[in-house]
Structures are given as structure tokens and as C-alpha cells.
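Build the full structure now, drawing on both the sequences and the hints.
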Amino acid sequence: MRFRRSAMAAAVAMVVASFGIAMPTGAAAAAVGVTITGRGYGHGHGMSQYGAKGRAEHGQTYQTILKAYYPGTVLKPKGSDASFIRVWIQEDTDSQTWIRNEAGLTIRTSGSAIKLPATVSGSTPTKWRIRLSSQTLYLEALVGSSWISPGDAAITAALSNQLTATFAASDGAITVNFGSTFREYRGTVIATRVGTGTSAVVRTVVRSTMANYLPSVVKAEMPTSWHTQALAAQAVAARSYAIWDRDASKSATWYDTCDTTSCQVFKGANDYTSLGALIRSNVDTRGTTAVTTTVGQSLTYGGAPVFSQFSASNGGYSSAGSQPYLTAIPDPLDTYPTWSVVLSAAWISAAYPSIGGFTSVVVQARDHYGPWGGRVISVKVSGSKGSVTVTGDAFRSTFGLKSTLFNPVGFASPVLTPQRDWNGDRGPDLIGRAPDGKVYFYAGLPGATWARRVQIGQGWTSMRLMTQVYGFAGTNKPEILTTNAAGQLWLYPGNGTGGFGTPVKVGQGLSIYDQLIGVNGWQGAGKPGLIVRKASTGQLLFFPGNGKGGLGASRDLGGGWNAYNMISAAGDLDGDGYVDLVARSKTTAALVLFRGNGSGGILGSVELSRGWGVMDAILGAADWNRDGRYDLIARDHRTGKLWLYPGDGAGGFFSRLQVGNGWVGFAIVT
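Quick note: the sequence shown, position 470, residue 463 per this note's numbering, numbers continuous.
These are computed hints drawn from the structure, not numbers from a lab.
These numbers come from a predicted model, not from an experiment.
Wrong hints could be hidden among the right ones.
Below, in silico cross-link-like pairs of lysine-lysine (DSS-like), each with a Cα-Cα straight-line distance of 25 Å or less [said to hold, decoys possible]:
id, residue 1, residue 2
1, 373, 395
2, 431, 579
3, 634, 579
4, 520, 541
Structure follows, in C-alpha cells:
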């Protein structure tokens, strides 16, 4: 269990300190945020999983590991894992319970089990579901594309005035469908009505034996490639936590525990595709062996079940929790690496708008256990209009920090991205063409905001593809490359102050290409170039700039790029020192990162996220929020809103922010 019930014990001592950092002034004012360095991952109460790994590798048994992390507890002798536990499937959120049809399914309420019919309306169903109809549980079968009542009077009568309906299968395994997930569980599935009146909902609960439940938890919570003694310690901690949740916590009457990090992660037995093909197994031999090796063993304290909290890493010193056996102890064998993040001034100011412009963050109190004086208890965030004091847990949650064992250590400086700096102020800008062919310049301001637009051109309705580069003509200024209907390539040289000079034709025959991507640094630091896609074949080509406004010999980047309907320069999105590309899949609307190798080729690709289908423009190759990492900006074609996807420096994104609106009909120069 990582995050649930992590209140600090009242007796924990605190030390008041003034560890902090303030925004610089004068020459150092380019800093735009704060670098936070931290240790650990999670709340740090109880067992550290990385610590258990280190202890096991140093020869400690699982009994010794558990004794170290839960002092004063007693390990019960081996017994049986035949007892049952009810797990609320929190991933199922649609207020219905869906299961895949299979032979031998039954449904039970308060009476005897009733066999589900083999056919409904003359056809074999593919799924069954329980939903609410007038606050009553209602069973339906999916036949073709329609949900149909089975027309079984006995089932209708059995469901009348009931709070639960239990599905069971003859082979003891049922596949539950929620969203795009088809997950097989060992046990029974209970559709449960929770609440009354208009607030009533259906929740999905799996009832399973500990023997079937725990192997999935062990694999989900700890890599099963780790040492067997660490896995055994995890099995006992997971069993103890489940027993505590079931027998001592009593948080609800209709479930004992849940399947997410709010309790401990449980992913059932297997995941399948909608057609029944196995995607992954959520149990394995090593995790199951850890459960059977410790069968029935759990921790008690004073004869009662133990609240056996655990987290990924305590950062070298565990944190005191809410129970006498959750103590603060040094843990030198927890070797989870030190981490650091950059919090931009704009991000901090947006999180605490009452402070105005961010100026400083000061840690006011720590628990004095661990590096820097221990975990943060409270922190003061100040700005031009005032300050706020928040708990360390709240600060961690707001900015997604891995733990409260952190320290502000320095400032973040923006990545200089001259390809997007149209006016020479060292920050990225936007350029867009309106439907009437007028071209507008939007000067970028700190925090991915924009100054009032300025018209810098007109008559651009004939321009087909448009992209930005830097230093293409050898002037060390940004430029715009465009193609027209005749396939001519034109260069519009920037003047470095927000406008451009006389355009020059620099190529022709480009009508065969449907993507035009200006890149800087693709084949070496500071070197400009152009990436194009051949419309007929999907072949991607890279043309290095010759530094005089022309193109060198092309390099083939491979075929198959017609699978993507948008390709954009990304800058060094994954933080490996090389410039990357991003592309959106036609079929899945997924955004895919193509990692550059720094010498004009591609190292490989990785899917970043899905749901990008509503975007019709993606702009990268810039530190848009000026926090020291590359970001993306995307435009929603339905609303005209611009969204900032702040990069995390490792190929991912923090939560998106709206940074513009009114862009419907504009063609943004990428």
C-alpha cells in the first residue's frame, strides 16, 4: 500500500528550519523556477520495497526484513489462504457491471443460483451486464450490438428489491469488462447497489480467496525478478494489509479492500483483448511461490491485525506513521536513486494564485528523520502579492513529487530555442495565418502566455505548408519555409525583431510532399534542416541545410509514415541530448515519440499517450513555459483552444494547461 491513510503520528518531533530558495534579481533573472531534489518514493511508512530488496540481497530473510520494518509485531505461523476477501474494482467507474459470456455462468441474489440462458432472442450473447433501472438491479445480454432483457421471469423475480447480484462460472474464473479492459478474476463477481434514490450506483466487487488474490498483488506491487526473500516479505505485508482492511478497518459493509494504490494494487489473473486473445498474465510463478512459501502468515500487534503500510522507497529513512509499530528508522540499504524536478515560476503561481508572481519557497518544518533534516511538514510559498503556508503532503500532491523528503536547491533556466524565437527576446513565439491570408505574430511571455497579436504579413492564402527553422540562410536568425500550390519552396527570413524580409525561392518540385518539418540539431547541434514526407509512398526524407539557403543531399528516414497524419519537431523531448520528432497515429490517435540519434537518424519510437485525435496542430521544439524542459502546444480543432503539455524532461508530460483560445480557422506555422 502506497498512499492510503498516511497521517503523521502526532508525537513526531518537528524541527523548524528556513531551507528555501528565492527568485534571483538582476543579471540572474533569467531563472524561471525552482529545482527540487528529493529522496524516496511514497509516504515512507512501514516497509520500503527497495529497502527490502537491499536487505534480501545482503542475506536477510523475510522474517528479519519484516521485523525491521514493523518492530514489536508478531509473525503468525503458517496456515491457510482459503479465507475470502471482497475487492472493490475501482477501475470500473460506469455504474454497471459487465462480464464476458461463457458456458456455465450463473447469477445468485439471496436465493439459489440461476443458470443464465444459453441464448437470448435466438442468439448467443457475447456479454452480460447489471445496471440500475428505477433503482432496481436489471440484467441484460448483449446480442449483436443491442442490450436485451433475457426475458427470464425467475431472474427478474430474483433481482427484485436486491442490493447485490453475484455472477459465478463453473471454472471459477470470470472475465470482467470495463472500458477497453477485459480482465479475468479467480472467484465470483458481485454487482452491488450503493446509495439510495438518485445517488444510487452500481459498483463491481470481486470475491476471491487469499490464495487467488495475493499472487496478483505481489506481482503488481513488486518486480518479481527481485530476490525471493524480498518477495516473501512483500507477500506477508500484502496479506497482513488485506486482513487489516477486512477485519480491523471496516471502512464499508460491501467491500473489504480495493484494487488501486488507495489500498494495494490488484489486477486479477489475466488481461485479454475484446476477441479473447491473451495480452498479459498478471500472476507469475515467482510471485505465486512467494505467497505459497509464506502461506497463511500475517503480522499481528497485541493480538490484532497489523496496518502493514509499505511504499516503494523511504529515501534512506522510514517515516513515523499512525501506529506504534510504524516507526522512523534509518534504512541505509534502500538504494532508490535521488530524483530532481523543476517547478516553473508560472506553475507555482498558477497553483497558488493569491501569491501573485512567485518569488520564493521556504521549508518551515521537518520531522528531522533523514537527509536535509527530514521530511517536509510545512512549506511557505511567497510571491509579489503575499504568501501561503501549506503542508508538505499538499505541496507534494500539487506538483506530483515522489515524496515529502525533498529540498529546494536552485533555479531553473529556460531552454533557448531560437527556432521559435521570432523577436529575439530569448523566448518562444507563435505565428499564425488567419483565414483571410493575413499573418500575425504573437510574442511569447513567461508561462506560455502571449502578447497582443501584431500583423506582419498578408496574402498568404496560397501558402500550402509552413514551418519554422533557424539559421537556414546563414544569418543566425529564424526563418519561415513555405510551399505553394506550384510546389515551390520559399524562404521568409526573419529580421530578429518580429518581422521578416524579402522572401527568396530556394527550391521547387515539393508538391509531392505533404509534410514539411523544420528541424534544428537533427544532424548535429545547431545545424538546420528540413524533413518532408512523400505523399504517395509515406517515405520520410531529411534534407540538411547548406547554411546558404539551400538543401544538401537527402537522407532516407524510412517508409510507413502514412500511418501518421501529423508529424512535428519536438526538440529534445526525452532529455537524452538529441532532437526528436513526434507523430500522431491515424488509427489510434496516439502520440508517438521518435527519438533522434543526433546524427540525422532515428533510434526508435515509443507511444507517449492517446486521445490526440481532436488536435489538428502540434508545435514542439520549444520550452514554451520556460521551465528548462521542452514542451508541446496543441490546438483543439473543435474549440480553437490551445493546450500546453509541459514536458517532464524524460519523454512524458505533466497535466496540460489551456494557454489560448480563438484559434479556429488559423493555420499555425509549425
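Outcome of the hint check:
1. 373 <-> 395: 19 Å, holds
2. 431 <-> 579: 30 Å, violated
3. 634 <-> 579: 22 Å, holds
4. 520 <-> 541: 12 Å, holds
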